[in-house]
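Those protein sequences? They're chains P and S, same order as listed. Heads up: the first sequence at position 424 corresponds to 424 in this note's numbering, and the numbers run straight through without jumps. Heads up: the second sequence at position 117 corresponds to 117 in this note's numbering, and the numbers run straight through without jumps.
Worth double-checking, as some hints may not be accurate.
[As the list claims (entries may be wrong)] Within a straight-line C-alpha distance of at most 27 angstroms, the following computed DSS-like cross-link-like pairs (lysine-lysine) qualify:
hint	chain 1	residue 1	chain 2	residue 2
1	S	356	P	85
2	S	427	P	427
3	S	427	P	28
4	S	368	P	285
5	P	427	S	28
6	S	227	P	356
7	P	227	S	356
8	S	368	P	28
Quick caveat, the hints were computed from the structure, so don't treat them as lab data.
There are 2 protein chains.
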Amino acid sequence: MTSKYKSFEYMMHPKSVAIIGASNNPDKVGHIITQNYLDVGYSGKLYPVNINVEKGGKIIGIDAYKSILDIKEDIDLAVIAVPAKVVPKILEECGLAKVKTTIIVSGGFAEVGEINLQESLLKISNKHNFTILGPNCLGVMDPKSRVDTLFLPTFKIDRPRIGGVSFASQSGAVGSSVLDMIANEGFGLAKFISYGNAIDIDEVDILEYLEKDNDTKVIIFYIEGVKRGKEFMKAAKSTSIKKPIIVIKGGTTNAGAGAAHSHTASLAGSYEAYEAVFKQTGIIKADSLDDILDFAKIFETQPLLKGKRVAIITNGGGVGVLATDSIYNNGLIQPELADKSKKQLRESMPPIVNIKLPLDMAGDANDKRFNDALNIISNDPNVDAIMAVALFQTPGADSRVAASLIHFGTLMKKPMVVVSPGGNYTKAHKDMMESSGIPVYPSPERAARALAALLNYYEYKSKNEGKPARIKR
Amino acid sequence: MTSKYKSFEYMMHPKSVAIIGASNNPDKVGHIITQNYLDVGYSGKLYPVNINVEKGGKIIGIDAYKSILDIKEDIDLAVIAVPAKVVPKILEECGLAKVKTTIIVSGGFAEVGEINLQESLLKISNKHNFTILGPNCLGVMDPKSRVDTLFLPTFKIDRPRIGGVSFASQSGAVGSSVLDMIANEGFGLAKFISYGNAIDIDEVDILEYLEKDNDTKVIIFYIEGVKRGKEFMKAAKSTSIKKPIIVIKGGTTNAGAGAAHSHTASLAGSYEAYEAVFKQTGIIKADSLDDILDFAKIFETQPLLKGKRVAIITNGGGVGVLATDSIYNNGLIQPELADKSKKQLRESMPPIVNIKLPLDMAGDANDKRFNDALNIISNDPNVDAIMAVALFQTPGADSRVAASLIHFGTLMKKPMVVVSPGGNYTKAHKDMMESSGIPVYPSPERAARALAALLNYYEYKSKNEGKPARIKR
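Whole structure, please, built from the sequences with the hints as guidance.
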């Protein structure tokens, strides 16, 4: 275990946290951070620190301190939210107080040209032997240990439930929007790490930590630029054979790269170079924020896809047609069902249902019909995955259909995705299914892209484990 | 005006409707249709018809009839929801009763191999000189006249508000899912037409009607196959110069085409042929259900995009980077702001804000900063459109920022799109903005695709009006 690993442990499971820049003024970042620690139910010791506090003063009802040096207990983590020019002095005090690790939320460093000021920080932390996350970042979130350094009010951004997806973002903005979206999708968070200007802890350290973190099943990453290219490749290779890494790269165009440089002083590098690295290291490339969410939820909940053969069942013909197009457009195929399955389906489905894929069970399909189809097709040896189109607008579809999809989706050893476009009634059923670990998509195209990502990762993983997959075609 | 046009008028504004197959049994399609006419507040005369009704009997509290021939008043529209084999007899009675037009909701015709049965229908309607929509369809919806023949319960599918988008779908399933999504997006519906097997009224008739319909500003279409190719091209050409036609084509792959044939007995044709037709006729091609919604809402609310130059403003750096990538990936560009704008922005923005595009106004940007930026940039002659990234997770963003976006988005003569990824708090602001006519997207990529569609349509339209656009580059 590296010392950086320990730093992460102190950030994610601190016994004591000092918030430097804490305030009673609700407009101040330090106020929001302190309030959030209280709101999410952090159970360790919390020490608000503010230079202006009077002796015996309180911040949000908690005993507050003028300086971290006034605190007599050990401090695992100092969260620093003070103006940039004061940060070096604060860091020096953190060193004297022997804090284990720091998160510098404050901006105003290299991203606005203050390169010398930024470089001075690392000298201080190296001298005192502690680590820095940031500056110019949101810090970390761990729903399990209830650590939450985000300076974003809980009413503005929903907090995700506990789960298996860890998310690291160079950008706080991308970080907070995606967190908010994660909270409203049906999957949960292991760790969130916003690392901003990355003067000390960087992508490589984060990958090395998440590789070892047992709560992390899937890693998603927003990256603008990577400084330690070789080490990143090594860490990505080593990690991606164990857990999928999904990356969205900011600055893939020349103009975007320019914007990235202004943003986090990152050198975005050529996109072709990144694409080559992604390919070599098994990193799964996301082309949009939609991809990030769509891929993360299938990887968190579903077994890997071990072949191209996707069986589509549907209670709406037209969406079945679009679903069929979508699997072929994403390099997947529609198999011929086994004879046994065909016979069983013919016996159980009404005469108007044509026994072939896509299986159009008609607009009046109810849970009985879904049950029979799922039971038969999930056992068909010709099928590698099921895409179930469940349109909840139809007369026969209700929560019993959702229950049937949950039952067979959980039982079967192959991936299942559900496609349910719609409004409020559909949303209720989507939430039901997703909270039971069944990924639901608003369009066949997005479900098919996610299945393809699952298959590509399986192929990479098997090849690099020395047992190349033999994909049935 | 053709007689088909009159048929649509009778469907959309009937003074009297007979529902044949109406029932007190809530599981029956005829029950749901009758109930929906009541639920949505149809103000004309409603006549439930059922062969099993006793003299003086009622259906859902309304006087019911054994046969349409027992009704003494004129009937503008007969909605038929009885088993397929009874339909010819019912149609014959409709003819004798001199109904103006019919919608056959019932399935069980060519799509299940009953070709002769299907062909018998047209003979009857031709003899009696009325038209047929369907069979195997959902019929029509017009939120303005409160006509709603959908056999889908109102609690399962949200009904869109009144608006300018008309939607025609060969598939009932695609139709109902998209309607449900439309209702949950911020735009409204003019007419919905589900036309199923299209034995009489087809794509060509629908286009000719919607071309003339004053309530229709934008047309969206789900098509599996077109029977009258030449006439369709002619109608599409004539219509698309007046209003945009957005088409999603089912059966673009061989397997999808096979599925389409089983579904509505359509011959999907080669996708290349369709793509050529789309290009020649100015039809805007949607690649997914997401595209359909994303394109429809920008066309309904925004002026056409008359150049490639998109100015991005953002309160989050990383999403600004992704937004920049997205416009270049969609053939758009980022201009240099005019010197006057730069000067004005430098005076109004705090020093940490870099005065260039994308304009990153920083995470603490409030309505004041949005106001100033929007005011200056919307008047910049170098800018053809604005993409405003408004992240409502940030401390400074609240409903005053949404109000600012609404104010300038409504005022300016150029298109504006907003990008706001997020959860519940964001959703509330999205709804606010969309109900005021500002299209909001969950990712920059989707917003950029919509802008590109707006520009492509403008280029087609200007070329075909004999005044080719000179797009500034």
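Taking the hints in turn, this is what the structure says about them:
no. : hint            : verdict
1   : 356(S) x 85(P)  : 25 angstroms, holds
2   : 427(S) x 427(P) : 14 angstroms, holds
3   : 427(S) x 28(P)  : 25 angstroms, holds
4   : 368(S) x 285(P) : 38 angstroms, violated
5   : 427(P) x 28(S)  : 25 angstroms, holds
6   : 227(S) x 356(P) : 25 angstroms, holds
7   : 227(P) x 356(S) : 25 angstroms, holds
8   : 368(S) x 28(P)  : 18 angstroms, holds
Hint 4 alone, counting from the list given before, is not met by this structure.
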